[in-house]
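Using the sequences and the hints, build the whole thing.
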Amino acid sequence: MLQDDKRINTILEILLEYTQKDFSRSIPVSEKGDDLDALSAGLNTMAEELQAFMAASKKQEEQVVERTAQLENNIRQLKESEEKFQKAFQASAAGITITRISDATYLDVNDTFIKMTGFSKEELINHTSAELGMIVNIKKREELLKQVRQKGWAKNFEMTVRHKSGSLLDILSSIETIVLNGEKYAINIIFDISGRKKAEAQLETVNKELEAFSYSVSHDLRAPLRAVDGYAKMLEDDYAGLFDEEGKRLLGIIQYNAKKMSHLIDDLLAFSRLGKKALQKTKLDMNELIEGVLIDLGKTTRHKAQIKIDRLHPAEGDYGLINQVLVNLVSNGIKYSSKKKEPLVEISSEAKKEEIIYSVKDNGEGFNMKYADKLFGVFQRLHTPEEFEGTGVGLAIVQRIISKHGGKVWAEAEPGKGATFSFTLPINQITIKNGKHRS
Amino acid sequence: MENTEVEIVLVEDNPHDAEMTIRALKKNNLVNKIVHLKDGAEALDFLFGTGPYEGRNTGIKPKVILLDLKMPKVDGIDVLRKLKSEASTKTIPVVVLTSSSESPDVSLCYELGANSYIVKPVGFENFSKSITDLGLYWLVLNQPLR
Amino acid sequence: MEQQTLVRKQLKRRVDTPYISIWKEEGIINCVFTDNLIINIETAQHCVNERVLFSEGQAYPCLINLRGVKSMNRDAREYLATEGTHLIKAGAFLTSSALTKMLGNMFLAINKPNIPSRLFSNRATAIAWLKKHQ
Numbered sequence: 001m002l003q004d005d006k007r008i009n010t011i012l013e014i015l016l017e018y019t020q021k022d023f024s025r026s027i028p029v030s031e032k033g034d035d036l037d038a039l040s041a042g043l044n045t046m047a048e049e050l051q052a053f054m055a056a057s058k059k060q061e062e063q064v065v066e067r068t069a070q071l072e073n074n075i076r077q078l079k080e081s082e083e084k085f086q087k088a089f090q091a092s093a094a095g096i097t098i099t100r101i102s103d104a105t106y107l108d109v110n111d112t113f114i115k116m117t118g119f120s121k122e123e124l125i126n127h128t129s130a131e132l133g134m135i136v137n138i139k140k141r142e143e144l145l146k147q148v149r150q151k152g153w154a155k156n157f158e159m160t161v162r163h164k165s166g167s168l169l170d171i172l173s174s175i176e177t178i179v180l181n182g183e184k185y186a187i188n189i190i191f192d193i194s195g196r197k198k199a200e201a202q203l204e205t206v207n208k209e210l211e212a213f214s215y216s217v218s219h220d221l222r223a224p225l226r227a228v229d230g231y232a233k234m235l236e237d238d239y240a241g242l243f244d245e246e247g248k249r250l251l252g253i254i255q256y257n258a259k260k261m262s263h264l265i266d267d268l269l270a271f272s273r274l275g276k277k278a279l280q281k282t283k284l285d286m287n288e289l290i291e292g293v294l295i296d297l298g299k300t301t302r303h304k305a306q307i308k309i310d311r312l313h314p315a316e317g318d319y320g321l322i323n324q325v326l327v328n329l330v331s332n333g334i335k336y337s338s339k340k341k342e343p344l345v346e347i348s349s350e351a352k353k354e355e356i357i358y359s360v361k362d363n364g365e366g367f368n369m370k371y372a373d374k375l376f377g378v379f380q381r382l383h384t385p386e387e388f389e390g391t392g393v394g395l396a397i398v399q400r401i402i403s404k405h406g407g408k409v410w411a412e413a414e415p416g417k418g419a420t421f422s423f424t425l426p427i428n429q430i431t432i433k434n435g436k437h438r439s
Numbered sequence: 001m002e003n004t005e006v007e008i009v010l011v012e013d014n015p016h017d018a019e020m021t022i023r024a025l026k027k028n029n030l031v032n033k034i035v036h037l038k039d040g041a042e043a044l045d046f047l048f049g050t051g052p053y054e055g056r057n058t059g060i061k062p063k064v065i066l067l068d069l070k071m072p073k074v075d076g077i078d079v080l081r082k083l084k085s086e087a088s089t090k091t092i093p094v095v096v097l098t099s100s101s102e103s104p105d106v107s108l109c110y111e112l113g114a115n116s117y118i119v120k121p122v123g124f125e126n127f128s129k130s131i132t133d134l135g136l137y138w139l140v141l142n143q144p145l146r
Numbered sequence: 001m002e003q004q005t006l007v008r009k010q011l012k013r014r015v016d017t018p019y020i021s022i023w024k025e026e027g028i029i030n031c032v033f034t035d036n037l038i039i040n041i042e043t044a045q046h047c048v049n050e051r052v053l054f055s056e057g058q059a060y061p062c063l064i065n066l067r068g069v070k071s072m073n074r075d076a077r078e079y080l081a082t083e084g085t086h087l088i089k090a091g092a093f094l095t096s097s098a099l100t101k102m103l104g105n106m107f108l109a110i111n112k113p114n115i116p117s118r119l120f121s122n123r124a125t126a127i128a129w130l131k132k133h134q
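Chains as they are written, first to last, in the working numbering: chain A, 1 to 439; chain B, 1 to 146; chain C, 1 to 134.
No lab work stands behind these hints, which were simulated from the structure alone.
Beta carbons: idealized from backbone N, C-alpha and C, even for Gly.
Hints are not guaranteed to be accurate.
No more than 27 Å apart at the CA atoms, straight line, and that leaves these computed lysine-lysine pairs for BS3-like [unchecked claim]: (1) B:Lys27 with A:Lys259; (2) B:Lys70 with A:Lys208; (3) C:Lys112 with C:Lys101; (4) C:Lys101 with A:Lys58; (5) B:Lys70 with A:Lys259; (6) A:Lys6 with C:Lys70; (7) A:Lys259 with A:Lys248; (8) B:Lys61 with A:Lys259; (9) C:Lys131 with A:Lys32; (10) B:Lys61 with B:Lys82; (11) C:Lys132 with A:Lys21; (12) A:Lys233 with B:Lys70; (13) A:Lys260 with B:Lys70; (14) B:Lys38 with A:Lys233; (15) A:Lys233 with A:Lys281; (16) A:Lys339 with A:Lys352; (17) B:Lys70 with B:Lys129; (18) B:Lys27 with B:Lys73; (19) C:Lys101 with A:Lys6; (20) A:Lys259 with A:Lys198; (21) A:Lys299 with A:Lys341; (22) B:Lys33 with A:Lys233; (23) A:Lys248 with B:Lys26; (24) A:Lys208 with B:Lys26; (25) B:Lys26 with A:Lys233.
Pairwise CB distance ranges, derived in the manner of DEER restraints [claimed, not checked]: (26) B:Arg81 with A:Ala104: 49 to 55 Å; (27) B:Pro15 with A:Val136: 55 to 61 Å; (28) A:Asp296 with B:Val119: 31 to 37 Å; (29) A:Ile295 with B:Gly135: 51 to 57 Å; (30) B:Glu111 with A:Lys146: 50 to 56 Å; (31) A:Leu12 with C:Ile41: 28 to 34 Å; (32) B:Glu111 with A:Asn156: 30 to 36 Å; (33) B:Lys84 with A:Ser102: 57 to 63 Å; (34) C:Lys131 with A:Gln51: 19 to 25 Å; (35) B:Val119 with A:Asn428: 38 to 44 Å; (36) B:Arg81 with A:Lys352: 54 to 60 Å; (37) A:Lys283 with B:Gly135: 17 to 23 Å; (38) B:Lys84 with A:Thr160: 24 to 30 Å; (39) B:Glu111 with A:Val136: 51 to 57 Å.
If you want it as structure tokens, here you go:
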């Protein structure tokens, strides 16, 4: 019996451990197989089952927690993406509509679309664009719907639609399809391109007018020039014998200038057409360019100006046009300094961080800075032809060419002391490299 | 104006351009007979025998027409259109005179049936090139005097 | 193992291993676990393998004497109640002590073997019941 008490004590001890969820020990079973052993075996089995059950339920609990977290995450993501969509939908500068593909009725529209079309949300929802009279070209709409039904999308479709007020707008529309609850919907992103279309049309008209104007001007300018040149030629052909050397020289100058002007007309025309063409940019050796310009000027202009040229930074630009800029600025410098005793024209360049400044400085007449803004206008002149000849186109051309290159033009002057005309050309990789190389 | 032996009709409103053209052609001994008409209206009258040219024998056709484009009253484009739409004048070669080869009128003239064009001033060289291209060189070359 | 196989071949009607003795009697397969056996998954698998081999592909009612079993753990019970019943038509569990009765009861109640099974303390009653399942 004493033995049994001991055994019962052990059982109780271990049971107490079980209540603390400590299942490390099992209750010993003796070889007797008596009631206490049976009790022990039963308790052991129960303990094992309990342990297994607890493990299983713990695992299940963990799974539930995990699944709940997953679910919550999914819901949050869904909410976020819906919120994102809603914000994008409403804030978009494009009109957005969601239409059911089967009957083309509006399911939802954003504010931009409402503003664009003039219809209220209530008027639009559950109705079709055709019902509301928005469609101008039924055939085109059918075509679009057909494509969307077949391919599921349409990109950059241009259409004309009618505003509620009856006015027409040009739109650019792109469509994607989505499936909601087994039903197909089209998301249509719409831009109002009426303004752009109008501007394009206007620009085209202006361009055409300008072109027509240019050609008629060129025709009218060429006719007298042809006569000057042609009659000088006749004089040369038939009366050369009656002329002394000076007479022949003068005749030659007439012909040379007539040809030169013919070329200028060609250049001017080419330039006016350039509005449509892209610049043909190449690397420019400005030193080489200026030498050519001076040789050219020497042929046409008898001047006594001293010309000083710094080592010039290379640039990138359209060869013909930058050449024209230099011709115009240097010939101006020579022209306006020609009345000085010692005319001087200085050409220099200076590299800045993002651009190179080229300057042509003369010690000539200069001008009052309050007229500076008039300098670059077409046919604007600060001097009479008696003072200095000229047509007033040169600086206008300079400005157009430089601004087309992305640069600036300006002038600084003082009356009687001379003027400096400067222009910039933007630097890009190539010119920076060469500039460093040179210095 | 004699109606026979017309070899070239020059339609040109600018008297100086006309003088230069005629002089260049004559100087190079190219043609005997040039008829100079001063605008498009006169050109049509001459070619169709109407107005002041009523009764002219239009059966005698010029070998080539040199046609300026910019003229008062009826301009060169209209003259060209009319000439190329009439059976009686359709086959006469027309050389258009223009101030610039880049004029948009040039391509329009080709569409209307012009045979060639010359950028003014008309000199011996560009004229003879056009004429040669048209296969007319020997036809318009001045015949030796009898 | 080689020795055991030899034994089985010589005495076709009886197999003795360190854990179990198996023989056939009146169309019933008798299994007796050795004394003081602690049945874990390995011993359970061993006993079932031996019995299945002995059955030679034929299912029999089975009289399983739990007499010597001292304990049986959970993995073993689960195995015996499921895979371990292969080729057993019905199982009669013979118990003698309070301990084996408890073990048997627990096994039937908790693991619910997938064959007709019952606990008996009398061998003759058990055989009579098994004969109904031949």
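> Looking back at the numbered hints, which does the structure fail to meet, lowest number first?
Replying inline: 4, 8, 9, 11, 15, 16, 18, 20, 24, 28, 29, 30, 34, 37, 38 and 39
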